[in-house]
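These protein sequences, in sequence, are chains W and F.
Each residue of the first sequence is one higher than the last, beginning at 2 in this note's numbering.
Each residue of the second sequence is one higher than the last, beginning at 682 in this note's numbering.
Simulated from the structure, these hints should not be mistaken for lab results.
A quick note: this is a predicted structure, and the numbers were derived from the prediction, not measured.
Check the hints yourself; a few may be wrong.
To give an idea of the interface, some chain W residues facing chain F are shown, with a C-beta separation under 10 angstroms as derived from the structure [to be verified]: (1) Ser38; (2) Cys103; (3) Val126; (4) Leu222; (5) Leu226; (6) His424; (7) Lys428; (8) Leu430; (9) Asp432; (10) Asn435.
For every residue, glycine included, the Cβ atom is placed at its ideal position computed from N, Cα and C.
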Amino acid sequence: MMRLVNKLTIGFVLVLGTLMVTPAWGASRFPPPEFESGHELPTTTQPGPRSETLEYLDVAVLAAALLVGAYLSLRQRSRRGIFVLVVFSLVYFGFYREGCVCSIGAIQNITLGLFDATYAAPLTVVAFFLLPLIATLLFGRSFCGGVCPLGAIQDVVLVRPIKVPRWAEEALSVLAYAYLGSAVLFAATGSAFIICQYDPFVAFFRLSGKLSVLAIGVSLLVIGLFVGRPYCRFLCPFGVLLKWTSRLSKWRVTITPNECIECRLCEDACPFGAIDKPVETERPGKQRWPKARLTLLLLLLPVLMASGGWALSRADHTFARMHSRVRLAERIRAEETGLLSGTTDASDAFRTHGESPETLYAEAASLRANFRTGGWILGAFLGLVVGGKLIRLAVFRTRIGYQADQGRCISCGRCFAACPKEHERLKKLADRRNT
Amino acid sequence: MTTDKQDITRRELLRSGLRGMGLLGLGGATGYLSARATPQDTVWQIDPYKCIACGNCATHCVLKESAVKCVHAHALCGYCELCTGYFEADPTALNEGAENQLCPTGAIERTKVEDPYHEYTINEALCVGCGKCVKGCTAFGNGSLFLQVRHDRCVNCNECSIAAACPSGAFVRVPADKPYLLKKVQHEE
Numbered sequence: 002m003m004r005l006v007n008k009l010t011i012g013f014v015l016v017l018g019t020l021m022v023t024p025a026w027g028a029s030r031f032p033p034p035e036f037e038s039g040h041e042l043p044t045t046t047q048p049g050p051r052s053e054t055l056e057y058l059d060v061a062v063l064a065a066a067l068l069v070g071a072y073l074s075l076r077q078r079s080r081r082g083i084f085v086l087v088v089f090s091l092v093y094f095g096f097y098r099e100g101c102v103c104s105i106g107a108i109q110n111i112t113l114g115l116f117d118a119t120y121a122a123p124l125t126v127v128a129f130f131l132l133p134l135i136a137t138l139l140f141g142r143s144f145c146g147g148v149c150p151l152g153a154i155q156d157v158v159l160v161r162p163i164k165v166p167r168w169a170e171e172a173l174s175v176l177a178y179a180y181l182g183s184a185v186l187f188a189a190t191g192s193a194f195i196i197c198q199y200d201p202f203v204a205f206f207r208l209s210g211k212l213s214v215l216a217i218g219v220s221l222l223v224i225g226l227f228v229g230r231p232y233c234r235f236l237c238p239f240g241v242l243l244k245w246t247s248r249l250s251k252w253r254v255t256i257t258p259n260e261c262i263e264c265r266l267c268e269d270a271c272p273f274g275a276i277d278k279p280v281e282t283e284r285p286g287k288q289r290w291p292k293a294r295l296t297l298l299l300l301l302l303p304v305l306m307a308s309g310g311w312a313l314s315r316a317d318h319t320f321a322r323m324h325s326r327v328r329l330a331e332r333i334r335a336e337e338t339g340l341l342s343g344t345t346d347a348s349d350a351f352r353t354h355g356e357s358p359e360t361l362y363a364e365a366a367s368l369r370a371n372f373r374t375g376g377w378i379l380g381a382f383l384g385l386v387v388g389g390k391l392i393r394l395a396v397f398r399t400r401i402g403y404q405a406d407q408g409r410c411i412s413c414g415r416c417f418a419a420c421p422k423e424h425e426r427l428k429k430l431a432d433r434r435n436t
Numbered sequence: 682m683t684t685d686k687q688d689i690t691r692r693e694l695l696r697s698g699l700r701g702m703g704l705l706g707l708g709g710a711t712g713y714l715s716a717r718a719t720p721q722d723t724v725w726q727i728d729p730y731k732c733i734a735c736g737n738c739a740t741h742c743v744l745k746e747s748a749v750k751c752v753h754a755h756a757l758c759g760y761c762e763l764c765t766g767y768f769e770a771d772p773t774a775l776n777e778g779a780e781n782q783l784c785p786t787g788a789i790e791r792t793k794v795e796d797p798y799h800e801y802t803i804n805e806a807l808c809v810g811c812g813k814c815v816k817g818c819t820a821f822g823n824g825s826l827f828l829q830v831r832h833d834r835c836v837n838c839n840e841c842s843i844a845a846a847c848p849s850g851a852f853v854r855v856p857a858d859k860p861y862l863l864k865k866v867q868h869e870e
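One chain only, chain W, in its complex shape:
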């Protein structure tokens, strides 16, 4: 009898439920029973996340690794020591921490925190963003050389480095600026964290991930067998910021411990094309043409910036589709106007929650306006970058001896062993120890 009543109720509710357009959320259709047997309700378990202390430990490890990296590259001048640090970082920040939290991705949290009043970046993320920048301003890019797990995984696979021509190096590194610019644009508008979505090596660290991203990672590692650290040099958005800060660094990695004898032995030791040849002071007879070229390039700079800004601001509709609300607004409009039949999960959810389409359209319009402004800024920035690179290539600068370029050098320490002066120093050190 009980069973029949129960079935009837269920049948009634089934009919009712299908008739109702909006299901009641958490509605008490069947009042919870009162047990005669005094049955106790099980509680819902709530296993906690990783403890806060461990998160702060990560920050401490990062700070320590930065200091050790600086010591090894500036004082100890030991490639072996740096390699041990690389392996440690690969194990700790890579495989143990599974690539998250990382300084590269932190750019987006910081940006979102600045533009979205409802979001505040956690303190650990702020530390992961700022500590490498401060360390680089003092000691150079030892973060890239020894601490970053993404750099580390590429560093250990580099077996047969080939030279990339300077023009190709400069041209490809524009990609990193574009990546940085778009990552900031999409994070500022709250659309997506593209650095995280396309992090090529995180799938290795977690030993699982999307196939497409894994494919990018594998191809980067295969390229990385021959071209040193392709992600760091041509794609990494944080690398761009570190390149700027490193140009101003207080202490810098020097190839030779004392005086360059211009033996050229170090030139091939650097797999990242960061060692510049000496440049003679005067170039008689060639002065006029470079000056004219420089003037031309300086005049070209505003043109590049304006055209870049104009072009990217025109792409606002395409860019805005990275935002889920804009996609939803377009879908809803298409459904309302009968352009598309059928619904998607997203449009169903939208209607279930009973929002008005007009508010959604307004939100999408304001997001597109943001993308128009952002497009202008991003385009002008990229124009500035391209113009700046052309100017840099056009300017002659006197350089005495072989030097590591302060922007491009990542303090990996590979050049030390190539310098005969370094061997002299090491021999002296060994002699002093023996006596």
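Could you slot chain F onto chain W? The hints should help.
What follows is chain F alone, placed relative to chain W:
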């Protein structure tokens, strides 16, 4: 070394000036950002009142087996004999036979408490977070079954890839000391 300590060139002066400004700027940024930052870390969670149980949680997590699982707020449950979260639309019989079950992995355990009440508990080791039971329970029952990110499994990606694929915007960042958004008995909309 290329420059002598005594002789300060214009470039050196410019460089150290810029460095000083950079340090000041970074110091300012540290102060500003730390003042704005939350000392608490944040983790991802599903707002169960927004979730439409679309099934993306089972397929879009970076982990091979999703960190999202079904949880049961027993205080909300009606302990129905015919549970629409447990049974297929047209069960041949109201028993635990596999052919009657909605759950593709048989992760819901059904035990009789007393006539006619039955208790439903989730076996998390089997649950894949597909949300089929959630859909059934929410549409026709009390909605006591719902999806949650389980933090013993979640690796807390900077941007959760399920969140990026969520059609209803149900994924939110919550402070790490209150990492769950459980359904309560009386919810005010």
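Evaluated hints:
At its closest, the beta carbon of Ser38(W) sits 5 angstroms from a beta carbon of chain F; the interface hint therefore holds under the 10 angstroms criterion. About 8 angstroms separates the beta-carbon of Cys103(W) from the nearest beta-carbon of chain F, less than 10 angstroms, and the hint is met. For Val126(W), the interface hint holds, since its Cβ comes within 10 angstroms of a Cβ in chain F; the closest pair sits about 8 angstroms apart. Because the beta carbon of Leu222(W) sits about 19 angstroms from the nearest beta carbon in chain F, more than 10 angstroms, this interface hint is broken.
Taking 10 angstroms as the C-beta cut-off, the interface hint given for Leu226(W) is violated, the closest approach to chain F being about 26 angstroms. Using the Cβ-Cβ criterion of 10 angstroms, the hint placing His424(W) at the interface with chain F is not satisfied: the shortest such distance is roughly 18 angstroms. About 20 angstroms separates the beta-carbon of Lys428(W) from the nearest beta-carbon of chain F, more than 10 angstroms, and the hint is not met. A hinted interface residue such as Leu430(W) counts as satisfied when its beta carbon comes closer than 10 angstroms to some beta carbon of chain F; here the least separation is about 19 angstroms, so the hint is violated.
This hint is violated: Asp432(W) has a C-beta 23 angstroms from the nearest C-beta of chain F, more than the 10 angstroms allowed. A cut of 10 angstroms between beta carbons decides the hint on Asn435(W): the least distance to chain F is about 28 angstroms, and the hint is violated.
The earlier numbered hints that this structure contradicts are 4, 5, 6, 7, 8, 9, 10.
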